[in-house]
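Student: Residues per chain, in single letters:
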Amino acid sequence: MYDTSEFRKGLKIEVDGHPYIIVENQFVKPGKGQAFSRVRLKNLLTGSVLDRTYKSGEKVEKADIAETEMQFLYCADDAYHFMDNSSYEQIEIQKNQIGDSWKWLQENMNVSVLVYKGVPVSISVPNFVELEIVHCEPGIKGDTATSATKPATLSTGAEVLVPLFVNQNEKIRVDTRTNTYMERVKG
Amino acid sequence: MTDWKPGASVDTLHQRSSLLTKIRTFFKNRNVLEVETPSISQYPTIDLHLESFSVNTNESERLRYLITSPEYHMKRLISAGSGSIFQICKAFRCDETGRNHNPEFTILEWYRVGWDHWRLMSEIELLLDLLLNSGPADYLSYCDAFQQFLDINPLLISQEQFLSICGKHGLLPPACLESESVARDEWLNYLMGFLIEPNLGKEHPVFIYDYPATQANLARIHEDNPSLALRFEVYYRGIELGNGFYELTDAKAQEKRFKDENQIRIRSGKEGLPIDNLFLSALEKGMPECSGVAMGVDRIIMLALGKTSIEEVITFNWPKS
Chain A
1 MYDTSEFRKG
11 LKIEVDGHPY
21 IIVENQFVKP
31 GKGQAFSRVR
41 LKNLLTGSVL
51 DRTYKSGEKV
61 EKADIAETEM
71 QFLYCADDAY
81 HFMDNSSYEQ
91 IEIQKNQIGD
101 SWKWLQENMN
111 VSVLVYKGVP
121 VSISVPNFVE
131 LEIVHCEPGI
141 KGDTATSATK
151 PATLSTGAEV
161 LVPLFVNQNE
171 KIRVDTRTNT
181 YMERVKG
Chain B
1001 MTDWKPGASV
1011 DTLHQRSSLL
1021 TKIRTFFKNR
1031 NVLEVETPSI
1041 SQYPTIDLHL
1051 ESFSVNTNES
1061 ERLRYLITSP
1071 EYHMKRLISA
1081 GSGSIFQICK
1091 AFRCDETGRN
1101 HNPEFTILEW
1111 YRVGWDHWRL
1121 MSEIELLLDL
1131 LLNSGPADYL
1141 SYCDAFQQFL
1151 DINPLLISQE
1161 QFLSICGKHG
1171 LLPPACLESE
1181 SVARDEWLNY
1191 LMGFLIEPNL
1201 GKEHPVFIYD
1211 YPATQANLAR
1221 IHEDNPSLAL
1231 RFEVYYRGIE
1241 LGNGFYELTD
1251 AKAQEKRFKD
1261 ENQIRIRSGK
1271 EGLPIDNLFL
1281 SALEKGMPEC
1291 SGVAMGVDRI
1301 IMLALGKTSI
1311 EEVITFNWPK
1321 S
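Those protein sequences? They're chains A and B, same order as listed. Counting from 1, position 75 in the first sequence corresponds to residue 75 in our numbering; the numbering is continuous, with no gaps. Counting from 1, position 65 in the second sequence corresponds to residue 1065 in our numbering; the numbering is continuous, with no gaps.
For the record, the hints were derived by calculation from the structure and aren't laboratory data. It cannot be assumed that every hint is accurate.
[To be verified] Computed spacing ranges between beta-carbons, pair by pair:
(1) I1264(B) <-> S86(A): 47 to 55 Å
(2) C75(A) <-> C1176(B): 27 to 35 Å
(3) D51(A) <-> T1214(B): 22 to 30 Å
(4) S1309(B) <-> M1(A): 48 to 56 Å
(5) K42(A) <-> R1062(B): 20 to 28 Å
(6) S1164(B) <-> T46(A): 45 to 53 Å
(7) D51(A) <-> G1272(B): 51 to 59 Å
(8) R184(A) <-> S1017(B): 55 to 63 Å
(9) E1271(B) <-> Q71(A): 22 to 30 Å
(10) G1272(B) <-> S5(A): 42 to 50 Å
[What the hints assert, rightly or not] Straight-line C-alpha distance at most 25 Å; calculated DSS-like pairs for lysine-lysine:
(11) K150(A) <-> K117(A)
(12) K1285(B) <-> K32(A)
(13) K1202(B) <-> K59(A)
(14) K59(A) <-> K117(A)
(15) K55(A) <-> K1252(B)
(16) K32(A) <-> K1259(B)
(17) K1285(B) <-> K1307(B)
(18) K171(A) <-> K12(A)
(19) K1090(B) <-> K32(A)
(20) K117(A) <-> K42(A)
(21) K1285(B) <-> K1256(B)
(22) K1005(B) <-> K9(A)
(23) K117(A) <-> K171(A)
(24) K1320(B) <-> K9(A)
(25) K117(A) <-> K95(A)
(26) K1022(B) <-> K1285(B)
(27) K62(A) <-> K32(A)
(28) K150(A) <-> K186(A)
(29) K12(A) <-> K42(A)
(30) K42(A) <-> K32(A)
(31) K1285(B) <-> K1090(B)
(32) K55(A) <-> K1028(B)
(33) K42(A) <-> K9(A)
(34) K9(A) <-> K1307(B)
(35) K95(A) <-> K1168(B)
(36) K1022(B) <-> K42(A)
(37) K1005(B) <-> K32(A)
(38) K1307(B) <-> K1202(B)
(39) K1168(B) <-> K1252(B)
(40) K1028(B) <-> K32(A)
Keep in mind that this is a model prediction, so the values were computed, not measured. C-beta atoms are modelled at their ideal positions from N, C-alpha and C, and glycine is treated no differently.
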């Protein structure tokens, strides 16, 4: 259990059976009255935001939730298999829990897996990944000035827009948060 | 290497020092005597929502306590004939940490002998204008504030009204406030803290006066309305800067209030505390009529320097101390 005096940004607590992270904490003590903590909470599973007020000294449950570094092994029948880098234990996560992250998963890639009450619930991939283009229209040599783009399909099946001068079989760096092309990668 | 550096910049230290000088000069020019009273007292504060730090002295079984304000000692000086006095000192309150709170903070407390609280409020107005350039203050009664901001009569608030106001403003009160048996003042404090205070004194300081008698343990009762007391608070830019009373001088009444407050403490699961007999003896001997106020110096300095947290004007706040 946490006491309200331990509240701070980033603390993970359990509220009404859901795991939340404190994104804002405010101490309120009106005049000579009872003190309260007003917290803004973000649901760690759904991302929804909730405001709550607690009496000072009130106790709340710790959220049994942790991020674990794991390596992506393979995907079979919509089940994604990972290995815990410290315990070498293997787990599987269903495709619907992974969201859009499947687009960036390559074998042996390290990802962060969120485990809630012992069950893996979601993953987050690195902000930047390097992938090979498996299909796009041929490049236009020398055209590095215009901002025109063309669609490219990457080795994982992801589609991103790339500048016209980029060629098939080249490797590019992509920002996974915004789904955008960053630059070509040599070698 | 841990963070040993102060929270206040050197520039802030200079500005803080000159503001403190301004305060001292203000009182010197008005012939108010500067005094010093103990930080460690034999008696704690008997207030449901204030927790004194206790101090182990080795000299006996009994604990001593860090003051939550210098009020009792200063009133003993007034009873001894000091006349009007002021003090700038440290006060200590357990578990109060936040943007506007530090468990150890600087208080400015002063008493005006022979003055009522209206006259004191106009002096506070002048001091704030001197320090903050805040202009003339507004005055609003506690009941009018609730009427104006929440459209209710605070003295008649019902559980249903409380919950409906919270619902309307998207506030989820803690479970302990939802029961019907909760004291009215707990609802009022909650609404005051979350829905009224942040809106007070946006342009000029505002004095909220005539608090419910149940929220003013050391103030006189209103002559025309026994449900109100002559307590006031001053707010500026949504922040509480001070609390004052037209002081209760009746020793018997004061003793009864302490005993009642102790009962309330015990009912809410806290321990009963020893009552300050030295203070009561001073009242019995006869304290001259006076008004007094305690103000948060760190908050005033924070506003004067345009900072958003008192940790920026305190050398070493609680986590750094």
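Student: Could you run down the list of hints and mark each one as holding or not?
Tutor: Status of each hint after checking the structure:
1. I1264(B) <-> S86(A): 47 to 55 Å: 53 Å, holds
2. C75(A) <-> C1176(B): 27 to 35 Å: 50 Å, violated
3. D51(A) <-> T1214(B): 22 to 30 Å: 29 Å, holds
4. S1309(B) <-> M1(A): 48 to 56 Å: 28 Å, violated
5. K42(A) <-> R1062(B): 20 to 28 Å: Hint violated: Cβ distance 48 Å, outside 20 to 28 Å.
6. S1164(B) <-> T46(A): 45 to 53 Å: 28 Å, violated
7. D51(A) <-> G1272(B): 51 to 59 Å: 36 Å, violated
8. R184(A) <-> S1017(B): 55 to 63 Å: Holds, at about 59 Å.
9. E1271(B) <-> Q71(A): 22 to 30 Å: Roughly 56 Å apart at Cβ, these two residues miss the hinted range, so it is violated.
10. G1272(B) <-> S5(A): 42 to 50 Å: 24 Å, violated
11. K150(A) <-> K117(A): 44 Å, violated
12. K1285(B) <-> K32(A): Roughly 28 Å between the alpha carbons, so the hint for K1285(B) and K32(A) is violated.
13. K1202(B) <-> K59(A): It is violated: about 34 Å lies between the C-alpha atoms, which goes past 25 Å.
14. K59(A) <-> K117(A): Within the cut-off at roughly 20 Å; holds.
15. K55(A) <-> K1252(B): Status violated; Cα separation ~33 Å.
16. K32(A) <-> K1259(B): 18 Å, holds
17. K1285(B) <-> K1307(B): Measuring from Cα to Cα gives roughly 45 Å; hence the hint is violated.
18. K171(A) <-> K12(A): Not satisfied, since the Cα-Cα distance of roughly 39 Å exceeds 25 Å.
19. K1090(B) <-> K32(A): 18 Å, holds
20. K117(A) <-> K42(A): 18 Å, holds
21. K1285(B) <-> K1256(B): Holds. K1285(B) to K1256(B) sits at ~17 Å (cutoff 25 Å).
22. K1005(B) <-> K9(A): 22 Å, holds
23. K117(A) <-> K171(A): 39 Å, violated
24. K1320(B) <-> K9(A): This hinted pair holds, its Cα atoms lying about 18 Å apart.
25. K117(A) <-> K95(A): 20 Å, holds
26. K1022(B) <-> K1285(B): 35 Å, violated
27. K62(A) <-> K32(A): Not satisfied, since the Cα-Cα distance of roughly 30 Å exceeds 25 Å.
28. K150(A) <-> K186(A): Measuring from Cα to Cα gives roughly 20 Å; hence the hint holds.
29. K12(A) <-> K42(A): Given pair K12(A), K42(A) holds - Cα atoms ~9 Å apart, limit 25 Å.
30. K42(A) <-> K32(A): It is violated: about 31 Å lies between the C-alpha atoms, which goes past 25 Å.
31. K1285(B) <-> K1090(B): With Cα atoms ~28 Å apart, K1285(B) and K1090(B) exceed 25 Å; violated.
32. K55(A) <-> K1028(B): 42 Å, violated
33. K42(A) <-> K9(A): The hint holds at about 11 Å.
34. K9(A) <-> K1307(B): 21 Å, holds
35. K95(A) <-> K1168(B): 40 Å, violated
36. K1022(B) <-> K42(A): Measuring from Cα to Cα gives roughly 46 Å; hence the hint is violated.
37. K1005(B) <-> K32(A): 33 Å, violated
38. K1307(B) <-> K1202(B): This hinted pair holds, its Cα atoms lying about 16 Å apart.
39. K1168(B) <-> K1252(B): 44 Å, violated
40. K1028(B) <-> K32(A): 30 Å, violated
When each numbered hint is compared with the structure, violations occur for hints 2, 4, 5, 6, 7, 9, 10, 11, 12, 13, 15, 17, 18, 23, 26, 27, 30, 31, 32, 35, 36, 37, 39, 40.
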